[in-house]
Amino acid sequence: MSDLAVESTDERVKNVSLISRLMKRPELGALAGLALVTIFFAFTADPKMFSLAGFLNFMTPASQLGILAIGAALLMIGGEFDLSVGSMVAFTGLIFGAAMVTFELPLYAAIIVTFMVAAAMGAVNGQIVIRTGLPSFIVTLAFLFILRGLSLVGLKAATGGSTQLRGVREKVEGSWIADFFSGEAFTPLFYWLAENGLVDTFKSGKPKVDGIPVEIIWFTLLAGVATWILLRSRFGSWIFASGGDSSAASNSGVPVRRVKMYLFMFTACCAALVAILTVMDAGSTDARRGFQKEFEAIIAAVIGGSLLTGGYGSAIGAFFGSIIFGMVLIGLSYTNIDQDWYLVFLGSMLLLAVLFNNMIRKRVTGER
Amino acid sequence: MSTPIVEMKNIEKHFGSVIALAGVSFSVMPGEVHCLLGDNGAGKSTFIKTMSGVHKPSTGEIFVDGKKQAFDSPRDAMNAGIATVHQDLAMIPLMSITRNFWLGHEPTKNFGPLKYYDLKKANAVTMEEMAKMGIRLREPDQAVGTLSGGERQTVAIARAVYFGAKVLILDEPTSALGVRQTSNVLATMDKVRKKGVGVVFISHNVRHAMAVGDRFTVLNRGKTLGTAKKGEITAEELQDLMAGGQELASLEASLGGTV
Chain A
1 MSDLAVESTD
11 ERVKNVSLIS
21 RLMKRPELGA
31 LAGLALVTIF
41 FAFTADPKMF
51 SLAGFLNFMT
61 PASQLGILAI
71 GAALLMIGGE
81 FDLSVGSMVA
91 FTGLIFGAAM
101 VTFELPLYAA
111 IIVTFMVAAA
121 MGAVNGQIVI
131 RTGLPSFIVT
141 LAFLFILRGL
151 SLVGLKAATG
161 GSTQLRGVRE
171 KVEGSWIADF
181 FSGEAFTPLF
191 YWLAENGLVD
201 TFKSGKPKVD
211 GIPVEIIWFT
221 LLAGVATWIL
231 LRSRFGSWIF
241 ASGGDSSAAS
251 NSGVPVRRVK
261 MYLFMFTACC
271 AALVAILTVM
281 DAGSTDARRG
291 FQKEFEAIIA
301 AVIGGSLLTG
311 GYGSAIGAFF
321 GSIIFGMVLI
331 GLSYTNIDQD
341 WYLVFLGSML
351 LLAVLFNNMI
361 RKRVTGER
Chain B
1 MSTPIVEMKN
11 IEKHFGSVIA
21 LAGVSFSVMP
31 GEVHCLLGDN
41 GAGKSTFIKT
51 MSGVHKPSTG
61 EIFVDGKKQA
71 FDSPRDAMNA
81 GIATVHQDLA
91 MIPLMSITRN
101 FWLGHEPTKN
111 FGPLKYYDLK
121 KANAVTMEEM
131 AKMGIRLREP
141 DQAVGTLSGG
151 ERQTVAIARA
161 VYFGAKVLIL
171 DEPTSALGVR
181 QTSNVLATMD
191 KVRKKGVGVV
201 FISHNVRHAM
211 AVGDRFTVLN
221 RGKTLGTAKK
231 GEITAEELQD
241 LMAGGQELAS
251 LEASLGGTV
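So the sequences go chain by chain: A and B. When we follow UniProt numbering, the leftmost residue of the first sequence carries the number 1, and every step to the right adds one. When we follow UniProt numbering, the leftmost residue of the second sequence carries the number 1, and every step to the right adds one.
Isolated chain A, as found in the complex (with noise of 0.2 Å):
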């Protein structure tokens, strides 16, 4: 058979403009809203929000909530919530804490347990709700208040009485796994650039920004990982399909409570890997890490094209929703305007997303 005589006899082919498939993508609001953001800052902001260190500066909050993001975008096409993951970030780093404090394990070993106790919960939560069939909303939002709880309790025991834990950077020096998860990558790159006189240097000629915060490039790696899964593997059409109708997905063959299993312990892991690098990066930990950051990463994902009901979504989308966080946070702090706005900014864009998200939707599915 023919199969390319089919597609170049079909006039309506050309019907299709780039414009209107890029209308079809779900990122596509996140990157107006990036782009309308820069604009903004463009305007009323101090130029050097723009410069290398400015760039750095605004990313590394995003990529702290963006890995969240990624995780929750995921587990929203596949079509379920998890509001326990700002909570999760506070266990895991309690779990990470201890074992290098309390128990004095080598890294490698702490973060490997804090990469199991992390997918152990997820795995939890997934299996209470493919069990009992309960809302995942309902479940995790008890696992909001469980984690919060145990972090305190468990920071208490393990300090006698406090809810911060210290020590943790005294314990991680000298590993060299630690640079995978602390500090700047790509150090001798920018010297190499600062002799040469391609980057901004202080009077000693040591260069302004000495590397690139790894949690961007886990963000990124990361970003570009879920977005491969998503669109090029068959998991991704399982998720897809999971979140889109569970019964129809499970008619054709897909082993829907296996993804969704999956998805839970995903975004439990990147939980755990925010932990470990604002852990690692602060030198303790303490009980109101990752606090409310389960709302911010869901916004975030919302604002990346996911839709709410599932079946629908970007990690790119996650990606660009993050970066547009990370600019007004930081953002506000490089204009006269006051700091408070975030707030006001963060329930706004929320809005408009989930009302531009089911205009596209519309566009997709050609409802009339």
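Among the hints, a few may not be true.
Below 25 Å or equal to it, Euclidean Cα-Cα: the simulated BS3-like pairs (lysine-lysine) are [said to hold, decoys possible]: (1) A/24 - B/44; (2) B/195 - B/166; (3) A/24 - B/120; (4) B/44 - B/230; (5) A/24 - A/362; (6) B/230 - B/191.
Computed from the model, here is a short list of chain B residues facing chain A with C-beta under 10 Å [unchecked claim]: (7) 78; (8) 111; (9) 143.
Distance windows between CB atoms, simulated [unchecked claim]: (10) B/73 - A/184: 15 to 23 Å; (11) B/183 - A/231: 36 to 44 Å; (12) B/61 - A/231: 43 to 51 Å; (13) B/114 - A/352: 38 to 46 Å; (14) A/132 - B/232: 53 to 61 Å; (15) B/72 - A/309: 33 to 41 Å; (16) A/132 - B/61: 36 to 44 Å; (17) A/358 - B/23: 48 to 56 Å; (18) A/283 - B/73: 54 to 62 Å; (19) B/183 - A/309: 33 to 41 Å; (20) B/65 - A/146: 52 to 60 Å; (21) B/180 - A/42: 51 to 59 Å.
Because the hints were derived from the structure by calculation, they are not lab data. Source: prediction; values computed, not measured. Each residue gets a CB set at the ideal place from its N, CA and C atoms; glycine is no exception.
Let chain A serve as the given structure and place chain B on it in line with the hints.
Same frame as chain A, now just chain B:
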């Protein structure tokens, strides 16, 4: 004549004290459209669920290619080549036609962590299979939600046939469609029949059945009232059999036309 692909003999199905099927015999030959007609509550759904492995018959035998078989699950029936296209179609509107077509059977390339979904092949095959069914897709990655009801039905049928269905059970495929879309679906059934697939066409619309059917079986109150070949029976006779005759005839007289 050759052996039927599927033959069901004296199927009975009881749900507690309710007798849903009271001795139904039915067979499907390769390359025929066998219409199963019946009014609501006649037992059509119970019967096709038995055929597709959802229910186990209380008594009676099922033969596939002349060999006796018992289906424990829909999976078993599917493996035996019996595919069912349900009214709800098992399709995901927000996903592309290609992704829906291949759902659960995705072709992959490479192996290990590098294994990826071979979308190029998937798209090409989908375009080709849909073209064979007479539907020219604008693009294989358009969402199923953009298709009309008849086109969705055709995607579901093309998918079942491509993945090796020998018997295709279509559960009221025309009930929710307009005139034009109905004729498209009937044309698709004709194409499928020509490939040698046996089609079981469930309907309560006699005219749709007469348009494509090779054989007709009427189900009434859990019993078959016999099977007729094309040309042996008129639409009016089928209608009477379905409705139990007399009352409908008198209603028809008072309405002054065909119901």
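For each hint, the structure was consulted:
Distance check on the hinted pair: residue 24 of chain A and residue 44 of chain B sit about 41 Å apart at the alpha-carbon level, beyond 25 Å; violated. Between residue 195 of chain B and residue 166 of chain B the alpha-carbon distance is near 10 Å, which keeps this suggested pair within the 25 Å criterion. Among the hinted pairs, residue 24 of chain A with residue 120 of chain B is consistent with the structure: their alpha-carbon atoms are about 20 Å apart, no more than 25 Å. Note on residue 44 of chain B and residue 230 of chain B: the hinted pairing holds, with a Cα-Cα distance of about 21 Å set against a maximum of 25 Å.
Distance restraint check for residue 24 of chain A and residue 362 of chain A: the Cα-Cα separation of roughly 10 Å lies within the 25 Å cut-off, and the hinted pair is therefore satisfied. A C-alpha spacing of about 18 Å is found between residue 230 of chain B and residue 191 of chain B, which places the hinted pair at or below 25 Å, so the restraint holds. Restraint check, residue 78 of chain B versus chain A: the minimum CB separation of about 9 Å is within 10 Å; hint holds. This hint is violated: residue 111 of chain B has a C-beta 12 Å from the nearest C-beta of chain A, more than the 10 Å allowed.
Satisfaction of the interface hint for residue 143 of chain B is found here, the shortest Cβ-Cβ separation to chain A being roughly 5 Å, below the 10 Å cut-off. Separated by about 56 Å at the C-beta atoms, residue 73 of chain B and residue 184 of chain A break the suggested range of 15 to 23 Å. Distance hint check for residue 183 of chain B and residue 231 of chain A: the Cβ-Cβ separation is about 37 Å, which falls inside the suggested range of 36 to 44 Å. At roughly 48 Å, the beta-carbon separation of residue 61 of chain B and residue 231 of chain A lies within the given 43 to 51 Å, and the hint holds.
A hinted range of 38 to 46 Å for the beta carbons of residue 114 of chain B and residue 352 of chain A is consistent with their spacing of about 39 Å. In this structure the hint that residue 132 of chain A and residue 232 of chain B lie 53 to 61 Å apart at CB holds, the actual value being about 55 Å. For residue 72 of chain B and residue 309 of chain A, the Cβ-Cβ distance of about 35 Å falls inside the hinted range of 33 to 41 Å, so the restraint holds. At about 40 Å, the CB distance of residue 132 of chain A to residue 61 of chain B agrees with the hint of 36 to 44 Å.
Range check, residue 358 of chain A to residue 23 of chain B: about 53 Å between beta-carbon atoms, so the 48 to 56 Å window is met. The beta-carbon spacing between residue 283 of chain A and residue 73 of chain B, approximately 56 Å, falls within the hinted interval of 54 to 62 Å. Between residue 183 of chain B and residue 309 of chain A the CB atoms are about 35 Å apart, so this pair conforms to the stated range of 33 to 41 Å. Checked against the hint of 52 to 60 Å, the C-beta distance between residue 65 of chain B and residue 146 of chain A comes to roughly 56 Å, which is consistent with it.
For the pair residue 180 of chain B and residue 42 of chain A, the beta carbons lie near 54 Å from each other, so the given range of 51 to 59 Å is met.
The structure does not agree with the numbered hints 1, 8 and 10 stated previously, though it agrees with the rest.
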